[in-house]
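Hints given; two lone chains; assemble the complex.
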Amino acid sequence: MTIKTDLKKHWKAGCVLAGIVFIFLAALFMLGLNKLADITPRSYSIAPAESPPEAAYTLSNEQKGLLAELGYPEAFSLHFYQDDLAEPLQAGMRLEIWTYYQAGQEVTLLNGQVIERVDIATSTVIGAPYHPEQFSETMGADLALKAAGLHEYMRAPLDTYDIPNGAILFGRQVAFGFQGDHLLYVESFALEGEQQP
Amino acid sequence: MKAVFRKLFCICLLAALLFSDLTPIAQASDAPGGWQQSELDSYTLMLAAHALLGANLDELAQNGKPAAKQAVIFQEASPVSNPLEVRLRQVEALCAETRQSLQASYTGAEACERTAILEQSCSSEINALKTAVDRSRGRAGVRTFFQRLARRIDPGRANFGKLLRFIRHEVLPEAAQQIVGASLSGSNVVVRRVVRQTFLRKARQVLKANLTTDLLMSGVPPQTIQELGLPAARAASVDLSQIKIPRSIDLNAIREQCQRQAGGELPAPESQPAQAHNGPDMLEKWLDKNAIYMNCQAASYYYGTTSVDEGAPESFDLLITLDLQEGNVVYTYDYDATWHSDQYYENRHHGEGKGAYVGDGWFSGVEQSTILWYKYYLNTQTGEHISAGEEEDKRTFKFIGVIADDLSRAAFCWGYGQSNEEMKSMGKERLLEMCSPCTVEVR
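From first to last, the protein sequence lines stand for chains E and Y.
Quick note, this note's numbering runs 1437 ahead of the 1-based positions in the first sequence.
Quick note, this note's numbering runs 4 ahead of the 1-based positions in the second sequence.
Bound-form chain Y, shown alone (with noise of 0.2 Å):
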């Protein structure tokens, strides 16, 4: 009996030092003289609060936006409809409107590829959306908001570096300016007073409400998020470069399957000739020839935005090979885009495009880039890089090119918002003065 009681009381001890050492000694802000409300509790609280309605801290350093800028709401005439429905009805006619376009521009094998990769690509977008439409008709939607806010919520982990870093990075620094140059004209400051003008002034830059995707994709109504004060979804119209190709799309397997339904009535993709359409066509006189090469000064990602003025570059250099015996379209590259703002940035960009001639000097086709993020803040006095590391990001984007009659030039887009025949019906003309320039060498 003896053992069992020793047992019994490394147990208890066991749970109480276990019970002990969970539970909070003190409360930091339970001051002896009773409670004493913190400047810096209060601020921290205005952080979180904006953490928790989906704000970025490093996005604090984004001057001259007025908050409210970021939360914007779109009021419709009509009663509210769900816009996931929405969403998946106009899912429906894309896909539908593609599928239609696919069998009428392409054949054979060719056809039967693009379609496969069509639908598996619609498949996963409906499936997904219809699942989010099904949360959206019960509670589970909330349920899955609670969750997500609650994994976001955690302080202890993220929150409270940020804010550190945020004051160290952001506030101090121009806090310091201020009082230098304060004093410098013979003011008199007060250090405390500078430090949290400047600490407000930057929070207040912190995006609002951009809860709305979130709560929206976990199947929140819209009405809830209306009555939260959240801005309600704009039914936003989509187009198929907004469609995520899986990455389970086994393409390999898909070109198997199309060519053993060819079963050689039709020719492979590989052996499909330049001219993929009826009639004579501008190109049937060079195909004696081997390629097109088209040295394009591509628009970069960053074209048009205030990073180009930071020092991301524009343009870059792109190569573009149109086999005249097969009809494809290929191209890859890579540049680096280094600029600095709020933060210093070295992205790194891959691209890889695969299309093929679609007749009358227009090609088409979808580029995947993948982009390396690597901003960091530095640290003048010792080199050093406080980043949190590179960050992947992958995105999928539709191209068209067009090479003028007598192939003097050529010009090549991509990232555009309309479909290919809204851009074929602008005309080559305007193509060739709107898209990025490209001169052109047969051999």
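The following block holds chain E by itself, in its conformation from the complex (with noise of 0.2 Å):
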């Protein structure tokens, strides 16, 4: 009697055993999986903006004047963060590049200011179809997306080892940075391109 007391005592601690165990076990598969969902790219499609939305970014003189001699950039780069040098403390500022293969040009501003004006290797490009006035710092990323019209674009992730809650987003011609739904960088490609036969 007292065997088969013991024996089904340990039977039901066995199970309750193997209960928790495989309770661990999955909730390490679920871990694992979360966390490689956290660093996969993922295609996503989007309802398209019932109307394009208005600039974002008001063109400074400066820019204004150079859109009056090149035109706009065929390909850019926005950068936006906070300038603990700059007075006030922890100024936000934009940083642009401009980039115009076609006319050997590239012009760097910071807040609406040309700061560097070099000349490049001049190249035939078909230019984004972006403009640096569509985007700015306040935007997150349903409005970005919404700004360049994209109905279709892929998310890759950053894990925390480099940007904490980072990710990037690519659209046709166009790359989104994020920290968080902070927006810290745009850039447009520009591709070269071929004569038509």
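Hints are computed from structural coordinates only; laboratory data are not their basis.
Being a predicted model, the structure only gives us computed values, none of them experimental.
Treat the hints loosely; a few may be bogus.
[What the hints assert, rightly or not] If we take Cβ atoms under 8 Å as the criterion, some of the chain Y residues that face chain E in the derived model are:
no., residue
1, GLU43
2, ASP45
3, SER46
4, LEU49
5, ALA53
6, VAL312
[What the hints assert, rightly or not] Coverage of chain E stretches by chain Y, computed from C-beta distances (three or more under 8 Å per stretch; other residues unrestricted):
no., stretch
7, 1601-1612
8, 1615-1627
[Said to hold, decoys possible] Here are some chain E residues the structure puts well away from chain Y; computed CB gaps all over 10 Å:
no., residue
9, TYR1481
10, ALA1492
11, ALA1493
12, SER1497
13, LYS1501
14, GLY1502
15, LEU1507
16, TYR1509
17, HIS1516
18, ASN1548
19, GLY1549
20, HIS1568
21, GLU1570
22, GLY1577
23, ASP1579
For each residue, glycine too, the CB sits at the ideal point set by N, CA and C.
This is the structure we're talking about:
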């Protein structure tokens, strides 16, 4: 009788233990899947915006002068950050690099003021279908995608080793860099063209 | 029961410890006073974006190349066709054409061997292309691409280290130069701004959109690639040198099988005389000699590149032996190439060429070469080499050579895009002028 009772007890304890081990392993598996999902790029489709949004940024006079002189750049990159050396402390900065491949010019602007203008090799390109004033640092991902008029994009999350909560969004000839829901970087890509036969 | 509870407690504790270890304790950019958008984070995002687009940050050092130069889009007047299918058709046609050409040029065991190698190489290439075409018709291609992208995206493992290396070796030295230069000329400089400008200038040279090949070979349809704003693949023409000879080919087995098939009826390649074509040959009168030795100044792997200006050799000594009794052509070479541009290079080249005399002073064959790439940054103060180590690159080239009718000179060519027949159609004199010159000795 005693042996039977002991066996029954052990059998119950064994079941409880097996159940716990199973739950533990399942939790680990889910955690692994979650980690994998965190670093796996995915493609998304969104409904197109009904009307193109208005300009999110007002061009400076110098920028308007550049437009009159060279037109819109064929490619550009924008960097949004806070400069702790500037006055007042932690001022918001908008660094823009406008690239004119056909004109062989590259202009760097900080908060709308030209700070560098260099000659580059000229080349024939297909310009990106975006303008710098379409984007501003206040944009979240939804707004940036809407501003670019994207229907499809790829989102590549970056894990926490490099950029905490960082993510890159790729669309047609454009990339956005986000940290959390803060837009830090926009780049439009010009492509080299070939003469039609 | 106590023991069970103790075990339960231990398991829960272990799980709690494990989970707490995997959860980040704090986010670095969560500043106490709110969110701070770091300048470096913005640049890092840009570099990560470029890295995902296929950029190799080591290539940041390539000065003077506008980014868009790297992104090539080829617009076709005709509706977009699947370039994989185009390439498949080209490879099939090329294989059929080469098969016919081999059957016309060679006989017996030699024809058998060459055809067997061709069949295996073509079969391997065609199967790989068919798989890619099949993928492109389904959704698997996109999945494969995402898997590749996911593997590439691990910044903790690679990108961050590259970024730091890039800043240390490319940005800071140039920025320091500018700062010193500006200070000497009496200008006011803001160090941080100079570093930033230099960083951006260098970073802009990253390759932009070199992703197409990866996408294409993952089977992503070309239309999807174009929709992403990436370059569409060009329907490039294919030549035989682009078809890789699979490593699995067992040359000895092929040779044995072909010899068995020949069954003594046809001469084995080892006993084939130099005169492999019909009619009298210019080498006929030299058949009492052993071999023709050609000392060539062969064009190096770097011929015509800017690496030559930076110290890489333009040519190297190459001894080619044409066995007059067997008709075989063989050569082996080794040379080192060292030069210094953005980095230091110490490459080692080894090549082995095997071919045959095809008559009327022409010979051709295939070269298998290996390049051991060793590039490094040099710490000039300590002499330390900063390098990821050696990389091995194996290549296959076809070669063709021609001997002047009076045996006064010869020429050797490799790495050309045309077929051997096209090269021959240029004529002996043209090739003797155009290709690497050789002196000739008959012994």
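Results of checking the hints against the structure:
1. GLU43: Given a least distance of 4 Å, the restraint on GLU43/Y holds.
2. ASP45: At about 6 Å, which falls below the 8 Å cut-off, the nearest Cβ of chain E leaves the hint on ASP45/Y intact, so it holds.
3. SER46: For SER46/Y, the interface hint holds, since the closest Cβ of chain E sits about 4 Å away, which is under 8 Å.
4. LEU49: 3 Å, holds
5. ALA53: 4 Å, holds
6. VAL312: 22 Å, violated
7. 1601-1612: holds (count 10)
8. 1615-1627: holds (count 9)
9. TYR1481: 12 Å, holds
10. ALA1492: 21 Å, holds
11. ALA1493: The assertion about ALA1493/E holds, with a minimum of 16 Å to chain Y.
12. SER1497: SER1497/E clear of chain Y: closest Cβ-Cβ about 19 Å, beyond 10 Å.
13. LYS1501: 23 Å, holds
14. GLY1502: Answer for GLY1502/E: holds, closest chain Y Cβ roughly 21 Å.
15. LEU1507: The claim stands: LEU1507/E keeps its Cβ more than 10 Å from every Cβ of chain Y (closest is about 15 Å).
16. TYR1509: 15 Å, holds
17. HIS1516: 4 Å, violated
18. ASN1548: 13 Å, holds
19. GLY1549: 16 Å, holds
20. HIS1568: Check passes; 16 Å lies beyond 10 Å.
21. GLU1570: 19 Å, holds
22. GLY1577: 12 Å, holds
23. ASP1579: 18 Å, holds
Comparing the model with each earlier hint shows violations of hints 6 and 17; every other hint is respected.
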